[in-house]
Amino acid sequence: MKILVGIDVQPVDEVEASIRNFGGRYSRRLFTDHELESCGENPLTAATGLAARFAAKEAVLKILDTRETVPSWKAIEVRRAEGGQPEIVLSGEASELARQQRVEQMSLSLSHGGGIATAVVVAQVAEGQSGASR
Amino acid sequence: MSDVDETIRHVLEEHGRLPVSVATLDDDEDLYENGLTSHASVNVMLALEDAFALEFPDALLRKGTFESVGAIRRALESLGAVVTPG
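If you read the sequences in order, they're chains X and U. The first sequence: position 3 = 3 (the working numbering), numbered continuously. Numbering-wise, the working numbering comes out as the position in the second sequence, counting from 1, plus 1000.
Note that these hints are calculated values from the structure, not bench results. All values derive from a computational prediction rather than experimental measurement. Do not take every clue at face value.
Below 25 Å or equal to it, Euclidean Cα-Cα: the simulated PhoX-like pairs (lysine-lysine) are [unchecked claim]:
1. X:K62 to U:K1063
2. X:K62 to X:K2
3. U:K1063 to X:K74
4. X:K62 to X:K74
Restraint-style ranges between C-beta atoms, simulated for each label pair [as the list claims (entries may be wrong)]:
5. U:V1020 to X:V9: 20 to 28 Å
6. U:D1050 to X:E37: 38 to 46 Å
7. X:G83 to U:D1027: 50 to 58 Å
8. X:E104 to U:E1014: 41 to 49 Å
9. X:E82 to U:A1023: 52 to 60 Å
10. X:G128 to U:D1027: 37 to 45 Å
11. U:G1070 to X:S95: 28 to 36 Å
12. X:R99 to U:A1023: 42 to 50 Å
13. X:I3 to U:S1078: 34 to 42 Å
14. U:T1024 to X:A17: 21 to 29 Å
15. X:G92 to U:E1006: 20 to 28 Å
16. U:D1027 to X:E82: 48 to 56 Å
17. X:E104 to U:G1070: 21 to 29 Å
18. U:E1013 to X:G128: 43 to 51 Å
No residue lacks a Cβ here, since even glycine has one placed at the ideal position from N, Cα and C.
Required output: the full structure, derived from the provided sequences and hints.
Here it is as structure tokens:
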């Protein structure tokens, strides 16, 4: 078993500016309905949650081998498990890439403070795959 | 410089959050190596859609589409982009 780690940070004010400039076009292009519902309708508080989710998507992309195929943003989804902890759910091309790389499980941690949202993803990968942490 | 190129560079200046002036970059200079982040590239994409009155299809929503001024121009040309007033 190999462990791969992806990490990313996202300034919250950049997400706020994007919501201000592009509104729903921005949100709907990047985030699933579930993610948008999870972050609420208040743009100020929603921006922090969305920034963390964007960081999570980027963190996953640092684990997957995207040299030939880059999954769409919404193919990497942050969901809330029953216990409240966040988890990664892959679909489409992201799911296929993970299968090809023999990614068996991903764990996600989100945090924010000082205007920065961050995400760390730890992936368990079966031996014999070609992916690498970047 | 064509109207399309001028509009691309204007959008990059406004939304690319690059630490360098876009005017100093050649057409094929790598924007990511010059500080374009993934999040900023999304803003660039949305601003280009407004400027050219089009929508990037999913097939073009990948890093390579926005890696240089030239790459953006080629993507826009493939979509039949024309500069709209205003």
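Verification of the hints:
no. : hint                          : result
1   : X:K62 to U:K1063              : holds (13 Å)
2   : X:K62 to X:K2                 : holds (15 Å)
3   : U:K1063 to X:K74              : holds (15 Å)
4   : X:K62 to X:K74                : holds (16 Å)
5   : U:V1020 to X:V9: 20 to 28 Å   : holds (21 Å)
6   : U:D1050 to X:E37: 38 to 46 Å  : violated (27 Å)
7   : X:G83 to U:D1027: 50 to 58 Å  : holds (51 Å)
8   : X:E104 to U:E1014: 41 to 49 Å : holds (43 Å)
9   : X:E82 to U:A1023: 52 to 60 Å  : holds (53 Å)
10  : X:G128 to U:D1027: 37 to 45 Å : holds (42 Å)
11  : U:G1070 to X:S95: 28 to 36 Å  : holds (33 Å)
12  : X:R99 to U:A1023: 42 to 50 Å  : holds (45 Å)
13  : X:I3 to U:S1078: 34 to 42 Å   : holds (41 Å)
14  : U:T1024 to X:A17: 21 to 29 Å  : holds (24 Å)
15  : X:G92 to U:E1006: 20 to 28 Å  : violated (36 Å)
16  : U:D1027 to X:E82: 48 to 56 Å  : holds (52 Å)
17  : X:E104 to U:G1070: 21 to 29 Å : violated (41 Å)
18  : U:E1013 to X:G128: 43 to 51 Å : holds (47 Å)
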